[in-house]
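Undergrad: Residue-level listing of the chains:
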Amino acid sequence: MRLWTLTGAAIIAAGSATAGPVAPTDVAFGEYGSVSESLTGVPGDPEAGANVVKNKGIGNCIACHQVSALSDTPFQGEIGPPLDGVADRWSEAEIRGIVANAKKTYDGTMMPSYYKVEGYIRPGDAYTGKAAEEPLDPLLTAQQIEDVVAFLMTLSEE
Amino acid sequence: MKFKAMTAIAALALAVPALVVADPDDDNLVINGEIEMTTKVEPADHLDGALPTVMSGWHFRADETQALQMDDFDNPGMIFVDQAMDAWQTAEGTEDKSCASCHEDPADSMKGVRATYPKWNEDAGEVRTLAMQINDCRENQMGAEPYKYDSGPMASMEALISVQSRGMPVDVAIDGPAQETWERGKEIYYTRYGQLELSCANCHEQNYGNMIRADHLSQGQINGFPVYRLKNARLNTAHGRFKGCVRDTRAETFAPGSDAFVALELYVASRGNGLSVEAPSVRN
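In order, the protein sequence lines correspond to chains A and B.
Residues in the first sequence are numbered consecutively from 11, following my numbering.
Residues in the second sequence are numbered consecutively from 47, following my numbering.
Worth flagging that the hints you see were computed from the coordinates, not collected in a lab.
Here the structure is a predicted model, which is why all the values come from computation and not from measurement.
Backbone N, C-alpha and C fix where the C-beta goes; we use that ideal spot for every residue, glycine too.
A hint or two may mislead.
As the list claims (entries may be wrong) - From the derived model, a few chain B residues whose C-beta atoms are all more than 10 Å from chain A: (1) S144; (2) A146; (3) D221; (4) G240; (5) M257; (6) A260; (7) A297.
Stated by the list, open to error - In the EDC-like style, the derived pairs of lysine to aspartate or glutamate whose C-alpha atoms are separated by at most 20 Å in a straight line are: (8) B:K289 x A:D135; (9) A:K140 x B:E298; (10) A:K140 x B:E110; (11) A:K66 x B:D305.
Go ahead and model the full structure; you've got the sequences and the hints to work with.
TA: As structure tokens, this is what we get:
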């Protein structure tokens, strides 16, 4: 009986993995925080990714980071390192890991975890100040993460 | 030649959009040419080295915004102080009393008050903010309706009382019976709330002086509260500001006047011990 339940659960998990994007709770992080498998299997679109990075209502990455390639967007922040040349410093898997959940790469970093749905203290319903309704959506969708990764992979100076 | 030089300058300006002067400045704050303010001070021992220098939010604002606070005729917050002076003298409630019935001239009776709030009230057995004390007088001395905690009339009354302590050092007590509340406030200050998982300390201790998008982060001190903000053209209370900052972490915020924000106010005020009371200050 017990064995049967376990097998059943395994089948369901395997089924969902092939059916759609990897769920936030199922992402396989490597020891140092990298994620080698694409979250969707669909190649990211760097232009869509650039939009996520600069748009205040989406990733808003430039609230904290400067990106010369996006210098048409004013008011770039100084909290994190500039992202110029980031593709020379990190592999695609490492970048995917940082964007999905930077805390797995940098313990205690201020950078938000963009593909995470649990473990928050007083999560809110976006910026209303009201309590969020469970289950939470991640800050970015799986495809948006892939788009951002594709954009960051274009930031090479070599 | 001239054309070329101009293009080069334009290109330079475009290439460095984030090059706004980000460090806090070294200007001196003197109000009406006579009240000298302490806007940078050695941190109190209880900060445990968390900040090298404690700084007023005034240093992080643009020159034009700073200037508005240097003369009471330019400071839009002073209009609300005048309005509160009318309220001070207006009898209200079942007792038909005004603030003046008990406290007469605020210039005498309220001098130094702001500097020590929030503080422990022995009879009530609680830490009281200035707003709580104002409402206690309204309800229990005047028989009047309390002001809504972060309302306009409350902010104005706080400003009238605070301005009597302008230039005096913030000196809130954190020991004895207030200590438990202070500890709770400290815990809140360092908790990473919301879906962005950000604490007060992430922005105001680790990153003051840095730009976060278009905002120049200060140390989040409250010696200048209530604050006149150009953005909403009114006086803003400390709890109103806390509420906005917590909301911006994509969190369920706390209510103005809640135990959590009272504790946080005591803690944040204590981080600014030694700074001059600046209210009503002017910010963007």
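Undergrad: Of all the hints given earlier, name the ones this structure violates by number, lowest first.
TA: Result: hints 4, 5, 6, 7, 10, 11 break, sorted rising.
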